[in-house]
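Q: Listed here are the chains, written in short residue letters.
There are 2 protein chains.
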Amino acid sequence: MTDNAQLVIGTDLGATTVKTGLVRPDGRIVYQNRFPTRAADGPEAVVGQILLSVREAIEHAGGASLGGLGLGSPGVVDDQGVVKAPPNMADWDEVPLRAMLREQLQRTVEVENDANAAAIAESRFGAGRAHPDFLFVIWGTGVGGGIILDRKIFRGPTGGAGEVGHVVIDYEGLLCNCGSRGCVEAYVGQRHLSRRTAERLEEFPSSRILHYAKNDPTKIEPLHLSLAAEEGDPLAQEILHEAGRLLGVAIGSVMNTMDLRVCIVGGGVSAVGESVFAAMEQSVRSHVLKPLRPGIRVIRAQFGNDAGILGAAGLVLPSAK
Amino acid sequence: MTDNAQLVIGTDLGATTVKTGLVRPDGRIVYQNRFPTRAADGPEAVVGQILLSVREAIEHAGGASLGGLGLGSPGVVDDQGVVKAPPNMADWDEVPLRAMLREQLQRTVEVENDANAAAIAESRFGAGRAHPDFLFVIWGTGVGGGIILDRKIFRGPTGGAGEVGHVVIDYEGLLCNCGSRGCVEAYVGQRHLSRRTAERLEEFPSSRILHYAKNDPTKIEPLHLSLAAEEGDPLAQEILHEAGRLLGVAIGSVMNTMDLRVCIVGGGVSAVGESVFAAMEQSVRSHVLKPLRPGIRVIRAQFGNDAGILGAAGLVLPSAK
Chain P
185 MTDNAQLVIG TDLGATTVKT GLVRPDGRIV YQNRFPTRAA DGPEAVVGQI
235 LLSVREAIEH AGGASLGGLG LGSPGVVDDQ GVVKAPPNMA DWDEVPLRAM
285 LREQLQRTVE VENDANAAAI AESRFGAGRA HPDFLFVIWG TGVGGGIILD
335 RKIFRGPTGG AGEVGHVVID YEGLLCNCGS RGCVEAYVGQ RHLSRRTAER
385 LEEFPSSRIL HYAKNDPTKI EPLHLSLAAE EGDPLAQEIL HEAGRLLGVA
435 IGSVMNTMDL RVCIVGGGVS AVGESVFAAM EQSVRSHVLK PLRPGIRVIR
485 AQFGNDAGIL GAAGLVLPSA K
Chain A
185 MTDNAQLVIG TDLGATTVKT GLVRPDGRIV YQNRFPTRAA DGPEAVVGQI
235 LLSVREAIEH AGGASLGGLG LGSPGVVDDQ GVVKAPPNMA DWDEVPLRAM
285 LREQLQRTVE VENDANAAAI AESRFGAGRA HPDFLFVIWG TGVGGGIILD
335 RKIFRGPTGG AGEVGHVVID YEGLLCNCGS RGCVEAYVGQ RHLSRRTAER
385 LEEFPSSRIL HYAKNDPTKI EPLHLSLAAE EGDPLAQEIL HEAGRLLGVA
435 IGSVMNTMDL RVCIVGGGVS AVGESVFAAM EQSVRSHVLK PLRPGIRVIR
485 AQFGNDAGIL GAAGLVLPSA K
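Sequences listed follow chains P and A, in order. Under the working numbering, the first residue of the first sequence is numbered 185, with each subsequent residue one higher. Under the working numbering, the first residue of the second sequence is numbered 185, with each subsequent residue one higher.
If you're looking for bench data, these hints aren't it; they were derived computationally from the structure. Keep in mind that this is a model prediction, so the values were computed, not measured. Some hints here could point you the wrong way.
A pair holds if it fits inside one copy or across any two, identical chains being indistinguishable in the list.
Okay, derived cross-link-like pairs now, SDA-like style, lysine to any residue, Cα gap no bigger than 20 Å in a straight line [to be verified]:
hint, residue 1, residue 2
1, Lys-474, Arg-380
2, Lys-474, Asp-262
3, Lys-474, Arg-286
4, Lys-474, Thr-342
5, Lys-398, Val-231
6, Lys-474, Asn-272
7, Lys-268, Pro-475
8, Lys-336, Leu-289
9, Lys-474, Leu-359
10, Lys-268, Asn-361
11, Lys-398, Ala-462
12, Lys-268, Glu-228
13, Lys-403, Arg-384
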């Protein structure tokens with residue numbers, strides 16, 4: 185392996201898997217591994233798995249000089265790298281992950297929220313390279329996000345910024361998992377889309393969605409909707425276009441508030457067809473103030489599973505000029 | 185007059201009046217004047233009126249040393265101090281107001297959007313002194329705002345940030361003046377409140393609102409609602425509490441997006457009673473994510489008519505330590 189001096193370490197901590205990669209400054213991942221997270225065993229076990237994964241990566245680099253370690257984590261991450269209450273991690277209140285990893289590894293460590301890390305990946309290496317300012321949306325089980333201003337993450341006063349999933353689109357609307365009413369996540373999150381499709385299938389008994397879900401309406405995934413929509417299935421198209429339109433309403437509210445024009449959408453559901461992106465962009469444009477309209481762009485994220493490692497690496501790469 | 189060396193000049197440009205004050209670093213206005221704007225006569229006439237107002241203030245200071253000039257203007261103000269398309273100003277596309285005033289006055293000039301200037305006034309001298317980060321909302325004919333982060337205005341990439349009036353609260357909702365649907369301004373702006381009250385008065389023929397509006401339902405002002413509500417009038421209370429609740433939904437969306445906890449509300453309608461502020465705060469709290477809830481505060485702005493001069497002065501005062 186050449187140019188080890190230029191490589192940095194990026195770790196993507198998830199509730200089920202810890203992944204670590206060695207990343208070149210141009211965003212190429214030259215090595216990666218994965219370990220189970222052991223999230224049920226408490227923070228000490230999770231930190232042990234992170235160290236296992238990182239040390240294996242360091243070993244793979246052959247002992248040559250490496251840059252720092254960046255890590256993306258679920259939960260709120262404060263500006264000291266303390267990770268607070270990540271979902272689906274047992275007994276985890278507040279853990280000073282950055283300090284712990286620095287001490288164990290004796291190298292530069294930066295920790296960031298995983299959605300923010302994915303936003304950084306797009307900004308630095310992906311669909312956001314041409315856009316200094318954008319809203320990044322993760323459209324999956326829930327709806328999350330991050331905000332990039334002047335090519336840097338906007339964390340907000342306590343690191344919690346970017347929760348676009350809990351922007352309200354109907355004040356008398358559907359109940360959300362967060363306890364509030366009318367959040368956009370309650371309309372376009374994966375669970376809602378699957379349940380809503382199952383309800384509507386009685387009207388569309390011959391829908392191609394059932395074919396992909398193996399005739400089990402409880403097993404509908406967004407991928408099934410996408411595949412059926414591409415074949416022209418009317419129900420799949422209706423559900424996805426409506427979801428794109430509603431997500432666009434929330435994106436429009438954020439753009440009006442923050443004076444943004446570009447939105448990059450990633451996450452599991454974002455594999456939908458171009459027509460859904462067109463519906464989303466049209467919806468955003470119709471909801472923003474006139475001066476913003478000509479610049480409105482809703483763009484598909486470039487990275488899927490690699491976004492976590494790349495964004496984490498981006499935390500410790502020297503900033504591009 | 186003593187301590188002239190510490191005074192700065194603050195000008196509040198409105199569509200009907202130009203006001204200029206001499207302001208001490210502690211926020212006391214020691215002198216102010218007002219001139220008609222002549223908005224219908226084009227930008228040159230307006231700039232002439234600004235110069236008239238500023239020069240009268242300088243003359244009043246007795247020729248002693250003064251600091252710079254800050255000016256708050258309607259419209260979008262870019263970071264070069266170019267004022268774009270202020271509403272109700274004839275023939276005004278883009279005017280490089282900062283450059284023009286610098287040349288004419290041969291002193292430091294800073295120009296900012298008027299809502300942002302009012303937010304700066306609260307941050308520096310008013311209800312925001314104890315809060316480094318807050319959302320400022322102007323609740324009046326429309327709904328505008330500004331965002332203060334770390335005691336500085338957040339302008340967004342092109343100076344348009346803070347348009348909280350066009351955050352959507354119902355994606356299938358009322359048509360807004362901006363052409364979009366469901367903006368909170370369409371529900372709680374002064375015109376909507378007056379019209380909605382007039383509609384409802386048929387059900388409440390003995391409402392005290394009619395007394396204050398001199399029995400003319402087309403003349404209802406928010407002040408009439410406030411006065412009637414304080415006397416226990418059920419319709420006035422219902423309309424204002426509902427408006428507070430709906431404005432709170434939009435504020436909650438912004439707080440989730442930007443990780444904010446404090447909102448300061450000024451503008452003509454904000455003279456409503458404490459119970460409306462309580463309804464607003466309760467609504468915000470119920471719409472933000474759990475980690476934000478304990479810190480949620482909705483506070484009345486300290487300044488009314490003086491906010492423009494004070495915020496403009498704040499643009500050119502040395503920053504507080």
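Q: Hint by hint, which ones does the structure fall short of?
A: 1, 3, 5, 8 and 11
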